[in-house]
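Participant: Chain H: place on chain C using the hints.
There are 2 protein chains.
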Amino acid sequence: MIKHYGAEGKIVVVVDILRATSCMVTAFAHGVKSIIPVASLEECEQYRNKGCIAAAERDGKIAKGFDIGNSPYSFMDTSMKGKTVALTTTNGTFAIQRSTAAEEVVIGSFLNRTILGNYLISQPNDVLVLCAGWKGKMNLEDTIFAGALVEDLKNHFYYENDSAFCAQTLYNSSKKDLFKFITSNSSHYKRLKSLNLDKDIKFCLQNDVYPFIPVMKEGALVSMTMESVKVDE
Amino acid sequence: MIKHYGAEGKIVVVVDILRATSCMVTAFAHGVKSIIPVASLEECEQYRNKGCIAAAERDGKIAKGFDIGNSPYSFMDTSMKGKTVALTTTNGTFAIQRSTAAEEVVIGSFLNRTILGNYLISQPNDVLVLCAGWKGKMNLEDTIFAGALVEDLKNHFYYENDSAFCAQTLYNSSKKDLFKFITSNSSHYKRLKSLNLDKDIKFCLQNDVYPFIPVMKEGALVSMTMESVKVDE
Chain C
99 MIKHYGAEGK IVVVVDILRA TSCMVTAFAH GVKSIIPVAS LEECEQYRNK
149 GCIAAAERDG KIAKGFDIGN SPYSFMDTSM KGKTVALTTT NGTFAIQRST
199 AAEEVVIGSF LNRTILGNYL ISQPNDVLVL CAGWKGKMNL EDTIFAGALV
249 EDLKNHFYYE NDSAFCAQTL YNSSKKDLFK FITSNSSHYK RLKSLNLDKD
299 IKFCLQNDVY PFIPVMKEGA LVSMTMESVK VDE
Chain H
99 MIKHYGAEGK IVVVVDILRA TSCMVTAFAH GVKSIIPVAS LEECEQYRNK
149 GCIAAAERDG KIAKGFDIGN SPYSFMDTSM KGKTVALTTT NGTFAIQRST
199 AAEEVVIGSF LNRTILGNYL ISQPNDVLVL CAGWKGKMNL EDTIFAGALV
249 EDLKNHFYYE NDSAFCAQTL YNSSKKDLFK FITSNSSHYK RLKSLNLDKD
299 IKFCLQNDVY PFIPVMKEGA LVSMTMESVK VDE
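In the order they appear, the protein sequences are chains C and H. Counting from 99, one number per residue, gives the positions in the first sequence under this note's numbering. Counting from 99, one number per residue, gives the positions in the second sequence under this note's numbering.
In case anyone wonders, no lab produced these hints; they're calculated from the structure. None of the values given here were measured: they were computed from a predicted structure. Some hints could be false.
No distinction is drawn between identical chains; accordingly, a pair holds when it is met within one copy or between any pair of copies.
Unchecked claim - Taking lysine-lysine pairs in the DSS-like style, the calculated list, with each CA pair at most 30 angstroms apart, reads:
id: 1; residue 1: LYS291; residue 2: LYS252
id: 2; residue 1: LYS273; residue 2: LYS291
id: 3; residue 1: LYS278; residue 2: LYS288
id: 4; residue 1: LYS273; residue 2: LYS148
id: 5; residue 1: LYS252; residue 2: LYS300
Chain C with its partners taken away, still in its complex shape:
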């Protein structure tokens, strides 16, 4: 459930830039067939026993007992092609589970920014951008992406809440050098700093690397077909 901001009838865009939703887009671009977002490490382990690839992150690191966490580089391996991935992360998978009331749940990141924006413009539904944040709190990088999306959609939607305008203002204050703005100011970056994730972060802040939109279908993310995302020029 998304308190105060009902998901009913809306397309919910789940955003966890560092790094769950960036990973999901990367995975589909490398041929992954589907991604099952799971809440617990135990559940993730069970999917591994059924032959899925199991990816698990806790507190920015690969969870103990797993080989893959949520570095986008882990999902670029050609051995991923056609596979199903079970993924659990600190914030991103929880955000997906809160969105069950939505008309549709899609995955947003800088990596698929423009194609996602075009898709949202082509649909009749209202849009709710759900930033995963960090353990229930807002964070900088997800809010900035939400602002980028508001900027892209501004001629096609009006916004209902001040949060959309605030995110847009933040994006416009930071867009000249997103990496510098985020690494200078983000509390999440400070948490991740010791983990040497600058390469991951730089990757996740690139616009339009992969024209893929992950979408929830019957409990798993799949890649939206290109016909669905085509919009009139």
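Facilitator: The following block gives chain H in isolation, referenced to the frame of chain C:
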């Protein structure tokens, strides 16, 4: 209870710029003895029957059956001197009630901005700025004031959450013309527009009009004594 951001041991600054906390500061500047924040109109009515001045706002307007709402101009009357006011508003009084776990609850507004900042700097406690927002959602004007406070405290505190940095960025984007920024972009302003409250809003956006800090003591707001707020120059 303040979810995710514990109030324990902290000074909580409650902020409801349009207009509850601006009114509270104005009221003390005009000699009001104490303000009892109450949740319901019924409770407010009961205090009136006990001889208090009853002020009640709902959805931006004076609540039915009351003479005073939350226009700061209503609290400038000399007849207020020495009186106790029972006040209920849509968002501000609820925010106060959520802060009971705090070490101390104080009231913030542009009207008492600098003296409040100086007081916070003089105290050993961490500070949590609680924006009342609008019916559970964030709003622009409270967030901008939180950012003004972050700006004033930046050499004395470090911030724990990205929300403080985001608020500061918003304040710095808007400070050249707060009135224009807020009236062009705030959803709350759009709600209030038909009520012709521009005069109230202009008043509430002025810095340092009244050197008073309302503080909660045994269920009521009183004005902090000047000795408590004195800081070394």
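Participant: State for each hint whether it applies.
Facilitator: Verification of the hints:
no. : hint            : verdict
1   : LYS291 / LYS252 : between (34 angstroms within a copy, 23 angstroms between copies)
2   : LYS273 / LYS291 : within (21 angstroms within a copy, 32 angstroms between copies)
3   : LYS278 / LYS288 : within (13 angstroms within a copy, 35 angstroms between copies)
4   : LYS273 / LYS148 : neither (43 angstroms within a copy, 57 angstroms between copies)
5   : LYS252 / LYS300 : both (26 angstroms within a copy, 28 angstroms between copies)
Going down the numbered hints, you'll see the structure goes against just number 4.
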